[in-house]
Amino acid sequence: MVHTGSRDGAKQRWQQRPATRKSTVSHQRTSNETQKKMDAKTCYRCGTTSHLANYPKCPAKQSKCRQCGKVGHFARVCRSSASTCVVQEVDVPELTVLSIEMPLPAKRKHNLKCTVSLHTVDGNSIDTELLVDTGSAVSILPEHLYQQYFSDISLTVPNVRLVTYMQKTIPVLGCLTITASFQCHCTQVSFFIVPGGTPLLGMDLFTALHLDIRNGSVVSSAKNGQVAVNFTEPLGLAAGFVHKVNVRSDVLPIQQKLRRLPFAVRDAVSQELKRLESEGIIEKVESSPWVSPVVVIQKKTGGIRLCVDLREPNKAVVIDSHPLPHIEEIFTELRGASMFSTIDLQNAYHQVTLHEDSRDLTAFITLHIFLHTYRATPHAVTKLSPAELLHGRQIKTKLHVGGLPCVAPPKDQKNLKEIIQQSQNKMKEYTDRQRHANSPKIPVGSFVPIRKPGIIKKGHSKFTPPLKVVAHKGPATYLLADGRAWNAIHLAPTSPCVTTSDTVSLAEDSFKPLEAPQTSQMSISSPTTSRPH
1 MVHTGSRDGA KQRWQQRPAT RKSTVSHQRT SNETQKKMDA KTCYRCGTTS HLANYPKCPA
61 KQSKCRQCGK VGHFARVCRS SASTCVVQEV DVPELTVLSI EMPLPAKRKH NLKCTVSLHT
121 VDGNSIDTEL LVDTGSAVSI LPEHLYQQYF SDISLTVPNV RLVTYMQKTI PVLGCLTITA
181 SFQCHCTQVS FFIVPGGTPL LGMDLFTALH LDIRNGSVVS SAKNGQVAVN FTEPLGLAAG
241 FVHKVNVRSD VLPIQQKLRR LPFAVRDAVS QELKRLESEG IIEKVESSPW VSPVVVIQKK
301 TGGIRLCVDL REPNKAVVID SHPLPHIEEI FTELRGASMF STIDLQNAYH QVTLHEDSRD
361 LTAFITLHIF LHTYRATPHA VTKLSPAELL HGRQIKTKLH VGGLPCVAPP KDQKNLKEII
421 QQSQNKMKEY TDRQRHANSP KIPVGSFVPI RKPGIIKKGH SKFTPPLKVV AHKGPATYLL
481 ADGRAWNAIH LAPTSPCVTT SDTVSLAEDS FKPLEAPQTS QMSISSPTTS RPH
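Counting with the UniProt record's numbering, you get residues 1 to 533 for the letters of the sequence shown.
Simulated from the structure, these hints should not be mistaken for lab results. Heads up, a few of these hints could be off.
Under the rule of at most 30 Å between Cα atoms (straight-line distance), these lysine-lysine pairs were calculated in the DSSO-like manner [claimed, not checked]:
1. LYS458 to LYS468
2. LYS168 to LYS64
3. LYS70 to LYS41
4. LYS274 to LYS473
5. LYS284 to LYS244
6. LYS441 to LYS274
7. LYS299 to LYS274
8. LYS257 to LYS284
9. LYS244 to LYS452
10. LYS300 to LYS274
11. LYS284 to LYS299
12. LYS244 to LYS458
13. LYS299 to LYS257
14. LYS284 to LYS452
15. LYS70 to LYS57
16. LYS462 to LYS441
17. LYS300 to LYS257
18. LYS468 to LYS452
19. LYS441 to LYS452
20. LYS462 to LYS284
Full structure from sequences and hints, please.
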């Protein structure tokens, strides 16, 4: 009985052992499968179980991990090791240094340098010739000067990043703080140590040492009165070019509703519309397939800027693209120049005539439920940036819109003055031609023929029969006997030798042959000196 009982007990125990292992393994498998199912339903970005990682509104999708520094997950679900170091990015300000190049021997005599005493730790004074650079905010020392005289002074980590005019980063080895003196002034200054280049005296040391530039020679000067006239005249015209907008045929015209304007700007808008209409920039029309609303913007300097929301018409415009030169090419052309000149083309887009077939695109509705269209080219309808538009006009009209080319530095100062004087004369001629300072003056009562638009076939007259000038509406806008207002660009003043009866009969029958009228001296030049229509 004892043997049998022990045998039965061993058998019982033997049967129970595998059962225990199976249950344990099955329990482990069940827990692992459950964990996998939980992981499959858990967002690895934020750790929540309500959505997956591809959920577009996951809060951790644009968040930055505080543990590894990567964007796209929280630190609590970060899979990187715990020993990963945390890198904290700090935004430092940028300072622009215009030049740190070694000047050529032929140009050294034109550079402005100053000898400043730099004091070492042991009390020695080292006279260092620094190149004065008023375009640099900081002072710079090359590495070889630091290794030669100040190697026993440890460098500190700079708190700014230096960039050149071309936005290229200048490598900085460190910041050296020493004492600098000039004559009776002494100050503490921080020099930035760079691998090479020329020692620069920036504006920080220039101001601290109370330096001043004296006995500077004036190469050339211009009186403001001679130039101011060019900018007080009305807008001129880029003669020889009419802008025509290419429109896609598969886009249907859209007429938008009027946008109500605040009462505070309605008077200013009415005055601006009257000014634009008197100068011939806009005109009233009865109907148009395209209608856009008006947008009023308050200028910082006062007044308003009248804009038109042409986003819908722009969807039908075919872009007229032109390649632009790179900024590196422009600065390469300007390298070595000693004189630079600029020109201000205010409202330059209104100086180009808009083709009659493209004026319906610019139609806009105003306060008084009137429709107006642009006669000049508005910027919005070109669908181009200012640089692309001006560069494209330069290609088509053969006009140099960027001013005059750079002038290389001559060998002697007398030749430099002559070149500057010639360049100023060219700039004045260019300004007079583009700004049209000499606007035409057509007396009221005279008879003028109208220049026909478009391309005229050979053998046909380019002008219509002359009409009488009834009134002078704007700076370059005249009202003729047919009741229409014309800009002087389309008129050719003639001698007042035609009677009124002859003019009326000619206006009624414009198909009869007409002898060429005797034109004055300004009949050829004056049409290129006024506003477009």
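request  = Please write out, lowest number first, the hints stated earlier that are contradicted by the structure.
outcome  = none
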